[in-house]
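Residue 107 in our numbering sits at position 99 of the sequence shown; the count goes up by one each step and never skips.
Simulated from the structure, these hints should not be mistaken for lab results.
Because the structure is a prediction, the values reported are computed rather than measured.
Just to be clear, a hint being listed does not mean it is correct.
[Claimed, not checked] Using C-beta positions, here's what the derived DEER-type ranges look like:
#1 SER114 / VAL72: 46 to 54 Å
#2 ASN80 / VAL48: 44 to 52 Å
#3 TRP82 / ALA53: 25 to 33 Å
#4 VAL51 / MET71: 50 to 58 Å
#5 LEU52 / ALA73: 25 to 33 Å
#6 ASN84 / LEU62: 26 to 34 Å
#7 SER103 / VAL58: 30 to 38 Å
#8 TRP94 / VAL58: 31 to 39 Å
#9 SER103 / MET71: 42 to 50 Å
#10 GLY22 / PRO75: 25 to 33 Å
#11 GLY22 / LEU55: 48 to 56 Å
#12 ARG44 / TYR83: 42 to 50 Å
#13 MET63 / ARG107: 51 to 59 Å
#14 GLN42 / GLY22: 42 to 50 Å
For glycine and all other residues, C-beta sits at the position ideal for the given N, C-alpha and C.
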Amino acid sequence: DDNVTVTSGFFDPGDPVPLWDDVEAADTWDAIQQIRTSLVIYVLALLSFVGWMLMTIFGGIGMVALPMDLINSWYNRPVAIDVKQWAERKLKLKSECQRLLADGKSKQ
């Protein structure tokens with residue numbers, strides 16, 4: 009019969025664009041396309057969702073933590089000291105080392 013048309017379920021560019029009333033009037037069963045999937049697809053979708061959630065959480069934490077880390081790194085950066093302070097610390101470290109060596113020798 010020439011009046012029978014076979015449709016694949018996809019929109020044919022030669023067809024007129026359906027009006028909203030036509031779409032609204034379609035039964036729900038006609039408007040839903042059913043696709044058979046395997047368990048692998050469900051597992052991949054679940055892992056994708058979990059990964060997306062973890063990325064959202066840790067990305068948000070990182071967006072807050074990065075500026076704080078940069079500010080703290082700048083605040084706690086090593087600063088230059090003058091020669092007098094350096095010499096005082098060197099003498100203090102030398103005396104502490106000598107004391108520790110003496111303690112070590114006495115406990116042998």
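Each hint tested on the structure:
1. SER114 / VAL72: 46 to 54 Å: 53 Å, holds
2. ASN80 / VAL48: 44 to 52 Å: 46 Å, holds
3. TRP82 / ALA53: 25 to 33 Å: 44 Å, violated
4. VAL51 / MET71: 50 to 58 Å: Violated: the Cβ-Cβ distance is about 30 Å, outside 50 to 58 Å.
5. LEU52 / ALA73: 25 to 33 Å: 30 Å, holds
6. ASN84 / LEU62: 26 to 34 Å: 30 Å, holds
7. SER103 / VAL58: 30 to 38 Å: 59 Å, violated
8. TRP94 / VAL58: 31 to 39 Å: Given range 31 to 39 Å: violated, Cβ gap about 54 Å.
9. SER103 / MET71: 42 to 50 Å: 48 Å, holds
10. GLY22 / PRO75: 25 to 33 Å: Given a distance of about 57 Å, which is not inside 25 to 33 Å, the answer is violated.
11. GLY22 / LEU55: 48 to 56 Å: The hinted range 48 to 56 Å is violated for GLY22 and LEU55, with Cβ atoms some 41 Å apart.
12. ARG44 / TYR83: 42 to 50 Å: 59 Å, violated
13. MET63 / ARG107: 51 to 59 Å: The hint (51 to 59 Å, Cβ to Cβ) holds, given that MET63 and ARG107 are roughly 54 Å apart.
14. GLN42 / GLY22: 42 to 50 Å: 26 Å, violated
The earlier numbered hints that this structure contradicts are 3, 4, 7, 8, 10, 11, 12, 14.
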